[in-house]
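Engineer: Spelled out from the first residue to the last, the chains are:
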Amino acid sequence: MRVAVIGAGVMGLSTALCIHEQFHGLLPALHVEIYADRYTPHTTSDGAAGLWQPYLSDRGDLQETVWNKETFDYLLGHLGSPAATEMGLFLISGYNLFTQAVPDPSWKNIVLGFRNLTPKELELFPGYSYGWFNTAMVLEGRRYLPWLSNRLTQRGVKFFHKKVESFQEVSGDGVDVVINCTGVRAGELQPDPELQPGRGQVIKVLAPWVKHFIITHDIESGIYNSPYIIPGSELTVLGGIYQHGNWNEGNSAQDHKTIWESCCRLLPALQKAKIVEEWSGLRPARPRVRLERETLRYGHGQAEVIHNYGHGGFGITIHWGCAMAAARLFGSILQEQRPPQPRL
Amino acid sequence: MAAPKVAVVGAGVVGLSTALCIAETCPSCSVTVLSDQFSPNTTSDVAAGMLIPHTYPGTPIHVQKQWFKETFTYLFALSNSTEASEAGIHLVSGWQIFKTAPTPKEELPFWSDVVLGFRPMSEAELQKFPRHQFGQAFTTLKCDCPPYLLWLEKRLKAAGVQMYTRKVADLWELHSEYNIVVNCTGIGAHQLVGDEKLFPVRGQVLKVHAPWVKNFIRDGDGLTYIYPGIHRVTLGGTREKERWSLSPDPGTTKDIFDRCCSLEPSLRGAQDTKVKVGLRPSRWCVRLEREVLSRGGVKLLVVHNYGHGAGGFSVHRGTAKEAARLVGECIAALRGSSSRAKL
Chain A
1 MRVAVIGAGV MGLSTALCIH EQFHGLLPAL HVEIYADRYT PHTTSDGAAG
51 LWQPYLSDRG DLQETVWNKE TFDYLLGHLG SPAATEMGLF LISGYNLFTQ
101 AVPDPSWKNI VLGFRNLTPK ELELFPGYSY GWFNTAMVLE GRRYLPWLSN
151 RLTQRGVKFF HKKVESFQEV SGDGVDVVIN CTGVRAGELQ PDPELQPGRG
201 QVIKVLAPWV KHFIITHDIE SGIYNSPYII PGSELTVLGG IYQHGNWNEG
251 NSAQDHKTIW ESCCRLLPAL QKAKIVEEWS GLRPARPRVR LERETLRYGH
301 GQAEVIHNYG HGGFGITIHW GCAMAAARLF GSILQEQRPP QPRL
Chain B
1 MAAPKVAVVG AGVVGLSTAL CIAETCPSCS VTVLSDQFSP NTTSDVAAGM
51 LIPHTYPGTP IHVQKQWFKE TFTYLFALSN STEASEAGIH LVSGWQIFKT
101 APTPKEELPF WSDVVLGFRP MSEAELQKFP RHQFGQAFTT LKCDCPPYLL
151 WLEKRLKAAG VQMYTRKVAD LWELHSEYNI VVNCTGIGAH QLVGDEKLFP
201 VRGQVLKVHA PWVKNFIRDG DGLTYIYPGI HRVTLGGTRE KERWSLSPDP
251 GTTKDIFDRC CSLEPSLRGA QDTKVKVGLR PSRWCVRLER EVLSRGGVKL
301 LVVHNYGHGA GGFSVHRGTA KEAARLVGEC IAALRGSSSR AKL
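Line by line, the protein sequences give chains A and B. Be aware that the first sequence starts at 1, since it is given in the working numbering, and climbs by one per residue. Be aware that the second sequence starts at 1, since it is given in the working numbering, and climbs by one per residue.
Quick caveat, the hints were computed from the structure, so don't treat them as lab data. Just so it is clear, CB atoms sit at the ideal spot from N, CA and C, and this is done for glycine as well. The reader is advised that the hints may include incorrect statements.
Dumping the calculated DSS-like pairs for lysine-lysine here, alpha-carbon to alpha-carbon at most 27 angstroms [to be verified]: (1) B:Lys154 <-> A:Lys274; (2) A:Lys120 <-> B:Lys157; (3) B:Lys154 <-> A:Lys272; (4) A:Lys272 <-> B:Lys65.
Derived coverage of chain A by chain B (criterion: at least 3 residues anywhere in the stretch with Cβ under 8 angstroms from a Cβ of chain B; other residues may be distant) [claimed, not checked]: (5) 67 to 81; (6) 91 to 100; (7) 118 to 126.
Just a sample of chain A residues kept apart from chain B, beta carbon distances all over 10 angstroms, derived [said to hold, decoys possible]: (8) Ile219; (9) Glu234; (10) Asn246.
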């Protein structure tokens, strides 16, 4: 059984690991291969701050809320393990700020210690009149992806540095299942008008005195278009840019100014922080995550494809739930391919 | 009377903040700080600087609460200013956990409405600590040292306060140069003024590099704690009464590390451990009062501000303000007696 995973961001690597963990013992031979033109530290997942936090509204998608919860619980279970630091995983508390009262989010019972902000806490954030406090986790892409890669290498998974131009390219060669984790560029393999880049830019600074995440929300501007501050294990990520449909991966001076000024206004102490890095990335935005099977028929052959892309700005938040769902789809493919049992 | 000359003896958090309060409230005073140790060699430099009060059995609770509130308010404003990182002041959230549920009286400490967001921990939060039954979650402030002491020194210099390294063996040494002496010598007061009620409570701590630790964890017994600072995490600790040794104890180091790792396993990966020892200047109550010393017809006005034990950072600004107020009383008394002398 040969499985080709296209894409080596958080989705590709975690899906590969999940499938290998679950099915390696059950199949006589399971060969998993990863194909990608970009590996850590050059993937979208590497630039993300890595805060576990879904969007405010689940858009009615209970499925995604379940996957978010599965990911949170999975990560929480790893916190006490020796691997946690190597994974780039740690607990963090912080603030979500609003200019008006809002309904509680779908994830309020998933995170730890969710509560409203007290008036005294709100004094810290002039201009914001309402907010939440909770404890969640950060999973840093820059550490998690190498950790995943090590686990995969230990399991004998092979990595190929290659830009895949079509599904046929990988599926024709004796590959039984293709897992499509190509993120924002999935449209190059199969047109998907629902998939758009949600361009983001971040400034990474040295501000080790900041121990909380602070996410502001401007209901009118939309998600991530309002300043946010997310401490990592070494650098603190400043952001607040979301440009739908913008494919530009270069840094913009205007966006830099927007981020810097708005974050310093939010947290005056940042003015003394040293800027270390700047990065732009394209969130693979889609109204819903595409996580489904597809049988592609072409020429003489067919390919079983499992799509797992379109996780917008919540990829890290939802990744393990999606990896497990993809693994279940893989399981159903195996089930179908089993020769019929003889009946005595 | 010429500008009153005030000597503040001691350059830990209490001495420096007291000198600053005096300079702020009495601009005409000439204030000098004298100490045999300055940062990074004071007791304050060893402490984590967490604003979690220690309860003094001999001080009325409402007074302690007032001191804490004043300190918290002062530092809260500082934490939200552009000077925060230089002053080493930052907010930190976390948990205080108990192996057995506290009595109803203990459940709400007197300071619970001063810190931010104080509430009992949820069941889900307690799952992280299987050996603990109960806990409290809140957000408070931390004063990192040396930065905070260095920032105080900078403010003092800007206010025209002189600072000298000098070992004062007897307060009377100062009577010819100064009108008022403010005694902020911490554990040094045991010898300096012979205060038998003052005793050391030895604390050994580890300062480690573990920048992924963003929350504090404190066992309610006060013995085991994890306090993340700007660059290092302070792991503690010990509370050894009447022990004067400033030498780190290797067995204790291992014990502290193990206790902290059992609360936060990721600390096993911590790097670059530095071991420090401090002697908490402990006393039944903080000695915050005036005293007039007499010797051969000569008077020396003294204001004492020492004995803050484990709670120095938590109440420093409140006690500094009170000490400055007492200095004001001393100045009034001096002016009163000097005008009487003129008649």
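Engineer: Now, for every hint given, state plainly whether the structure supports it.
Structural biologist: Now for the hints, and whether the structure bears them out:
1. B:Lys154 <-> A:Lys274: holds (22 angstroms)
2. A:Lys120 <-> B:Lys157: violated (33 angstroms)
3. B:Lys154 <-> A:Lys272: holds (17 angstroms)
4. A:Lys272 <-> B:Lys65: violated (33 angstroms)
5. 67 to 81: Holds, because 3 residues of the region 67 to 81 of chain A bring their Cβ atoms closer than 8 angstroms to Cβ atoms of chain B.
6. 91 to 100: Holds, because 3 residues of the region 91 to 100 of chain A bring their Cβ atoms closer than 8 angstroms to Cβ atoms of chain B.
7. 118 to 126: holds (count 4)
8. Ile219: Its Cβ never comes within 10 angstroms of chain B, the nearest being 24 angstroms, so this holds.
9. Glu234: Answer for Glu234 (chain A): violated, closest chain B Cβ roughly 6 angstroms.
10. Asn246: holds (32 angstroms)
Checked against the numbered hints above, the structure breaks hints 2, 4, 9 and satisfies the rest.
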